[in-house]
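Engineer: In case you want the letters, here they are:
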Amino acid sequence: MRNIERRPRSVGDIGIRVVILSLAALVLMALQLTGQLRPLQSAIALFTSPAQVSATAVTQNVTNVVSFFVELRNLRQRNAELEQFNSSLLAQNFTLREMERENESLRDLLDFAQKRPGLELRGAQIVGLAISQESTNFLDSIRIDLGLTHGVKVGMTVLTDQGLVGRITEVTSNSQSKVLLLTDPTSAVQVVLQESRLDGVVRGSAGGNLLMDFIPNNREFKVGEAVLTSGLGSRFPRGIPIGQVVEIIQRDIDFSQQAVIRPTVDFRRLELVAVVTNFDPAEEVEALAPIPTPNAAGTITGTNGISGTTGISGTFGITASNGVDANPPLTVPIPAPGEGAP
Amino acid sequence: MNRDLLFYLMIPLLFVAALLQSTAAVRLEMGGVKPDLVLLLVVTGVLIYGSRTGVIWAFAGGLALDIFSGGPMGSSCLALMMASLAVGVGQRTLSRFNVLVPLVATIIGTFVYGTTYVAILSWVESAVNFLALPSVSAVRYELAFWPTLQFIIVPALFYNTTVMLFLTPLLNRVPERSEAMGM
Numbered sequence: 000m001r002n003i004e005r006r007p008r009s010v011g012d013i014g015i016r017v018v019i020l021s022l023a024a025l026v027l028m029a030l031q032l033t034g035q036l037r038p039l040q041s042a043i044a045l046f047t048s049p050a051q052v053s054a055t056a057v058t059q060n061v062t063n064v065v066s067f068f069v070e071l072r073n074l075r076q077r078n079a080e081l082e083q084f085n086s087s088l089l090a091q092n093f094t095l096r097e098m099e100r101e102n103e104s105l106r107d108l109l110d111f112a113q114k115r116p117g118l119e120l121r122g123a124q125i126v127g128l129a130i131s132q133e134s135t136n137f138l139d140s141i142r143i144d145l146g147l148t149h150g151v152k153v154g155m156t157v158l159t160d161q162g163l164v165g166r167i168t169e170v171t172s173n174s175q176s177k178v179l180l181l182t183d184p185t186s187a188v189q190v191v192l193q194e195s196r197l198d199g200v201v202r203g204s205a206g207g208n209l210l211m212d213f214i215p216n217n218r219e220f221k222v223g224e225a226v227l228t229s230g231l232g233s234r235f236p237r238g239i240p241i242g243q244v245v246e247i248i249q250r251d252i253d254f255s256q257q258a259v260i261r262p263t264v265d266f267r268r269l270e271l272v273a274v275v276t277n278f279d280p281a282e283e284v285e286a287l288a289p290i291p292t293p294n295a296a297g298t299i300t301g302t303n304g305i306s307g308t309t310g311i312s313g314t315f316g317i318t319a320s321n322g323v324d325a326n327p328p329l330t331v332p333i334p335a336p337g338e339g340a341p
Numbered sequence: 000m001n002r003d004l005l006f007y008l009m010i011p012l013l014f015v016a017a018l019l020q021s022t023a024a025v026r027l028e029m030g031g032v033k034p035d036l037v038l039l040l041v042v043t044g045v046l047i048y049g050s051r052t053g054v055i056w057a058f059a060g061g062l063a064l065d066i067f068s069g070g071p072m073g074s075s076c077l078a079l080m081m082a083s084l085a086v087g088v089g090q091r092t093l094s095r096f097n098v099l100v101p102l103v104a105t106i107i108g109t110f111v112y113g114t115t116y117v118a119i120l121s122w123v124e125s126a127v128n129f130l131a132l133p134s135v136s137a138v139r140y141e142l143a144f145w146p147t148l149q150f151i152i153v154p155a156l157f158y159n160t161t162v163m164l165f166l167t168p169l170l171n172r173v174p175e176r177s178e179a180m181g182m
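Chains as they are written, first to last, in numbering that gives the first Met the number 0: chain Y, 0 to 341; chain W, 0 to 182.
Keep in mind the hints are simulated off the structure, nothing from the lab.
Check each hint, because a few of them may be wrong.
[To be verified] So, partial list: chain W residues that the calculated Cβ filter (under 7 Å) puts toward chain Y:
hint: 1; residue: PRO11
hint: 2; residue: LEU18
hint: 3; residue: THR22
hint: 4; residue: ALA23
hint: 5; residue: ARG26
hint: 6; residue: LEU27
hint: 7; residue: MET29
hint: 8; residue: ARG51
hint: 9; residue: PHE58
hint: 10; residue: ALA59
hint: 11; residue: GLY69
hint: 12; residue: CYS76
hint: 13; residue: LEU77
hint: 14; residue: LEU142
[To be verified] Ranges between beta-carbon positions, derived for each pair:
hint: 15; chain 1: W; residue 1: LEU164; chain 2: Y; residue 2: GLU99; range: 20 to 30 Å
hint: 16; chain 1: Y; residue 1: PHE213; chain 2: W; residue 2: LEU130; range: 27 to 37 Å
hint: 17; chain 1: W; residue 1: LEU130; chain 2: Y; residue 2: LEU71; range: 55 to 65 Å
hint: 18; chain 1: W; residue 1: ASN97; chain 2: Y; residue 2: PHE213; range: 48 to 58 Å
hint: 19; chain 1: W; residue 1: GLN149; chain 2: Y; residue 2: ARG218; range: 39 to 49 Å
hint: 20; chain 1: W; residue 1: SER125; chain 2: Y; residue 2: LEU147; range: 42 to 52 Å
[Unchecked claim] Chain W regions said to be covered by chain Y (calculated; three or more residues, Cβ under 8 Å):
hint: 21; stretch: 100-111
hint: 22; stretch: 123-131
hint: 23; stretch: 143-150
Each residue gets a CB set at the ideal place from its N, CA and C atoms; glycine is no exception.
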């Protein structure tokens, strides 16, 4: 067997290794930045995606098991027999629960699509939660299982029924893309406060909060106001919920006010997202208001990572026959994180 | 714990750690930061085997991290290599069986890794702008240093150190010398 014991330290020996490995890292970096690593990355993604999907599923199940046992401990104090029954039942139905929850998310997305007939949505399962999601603490992004073959392009908007998630920043392969989350410090979205109609820019900030900046001074707005995409800059469709003002920051020395925003999307529990495939970032589309027009048609499809593919697709019409105004003012309910779809 | 076996398991363990970092670490998020599993493993490896082999594990772990994460390829490699070198400075003179040694090593490793990574991201951003490279990724890599230090690196430093506190008993079970070499 190879002698793995520490040999006397040789600065030159370590130095050579460091230089060689650093050069290798720099070459890799240069190749990636010039795009020459893309075929290799696509090939690697083919092998690593199944591992990530499996690990995500296992993680989800472990989380469910841990949550389950925490709840079980409390409930046992009140009803030991009932909890015992529940534990066996839940253990048998983990797979079913997973599918049920995904179906629920898809139903919410379907409802979301129904209210926005102008958007063509494509459902996606997040392949890797972390990168972090990006794997580091520095960048917030996720990978989804949609890529070139699904018509996904850089810049496309990604959302859930609860609100804006981010945008596609890289289409890594035929079946994978990277999404920069709204919470990433490098992201910026033009927004408008729903009631006071003040414009601003929402940025992610280190630590996971959202910060709305460049709100004009001497203009009043309230805690609790909903924050929506404004459509300015044409990078995101107009009227997508982002969050709710929870704190106003006003300092005499600043030229503008700031607000801390609580996002409507729970970014730590993202499972299903939808990609808006028909919004050209350079040209704002019409009919983005969340209220459906009569006889509107929408389509949403989705994949289920547990048992192959389950899809919901269809065309649905809505007719305003109950006397309700078909085009009321723009009002978007802002659920607190954790409410609504899981 | 078998020291030789652990040596040969390091690369697979780094791969698994990178995989878990991209899938499971988000479930362990506290205060906006996640534990740096690969970094912790590299620090552990350096404490046991020294920075001579540690830089290779740092490179391998960084590569796996970059593959799964989608960050600039090679950036984690460089940051982890710097961290392994920094951790390895006092590795031969200080006994890792002193509980403070792994904890201080983790603090140093996390700080060096974090600051180096931010510096590399900033450098990549500058290089892309300066050379007007074709837009491979729409991600802007430049991060503000002080907020990143305050809200990410320092909290991660505490988080990683806490995790290392729990790993220390396991680390201490690895003998200082190989059994084949004789105690």
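Engineer: Determine which of the earlier numbered hints do not hold for this structure and return their numbers in increasing order.
Structural biologist: 1, 6, 7, 10, 15, 19, 20, 21
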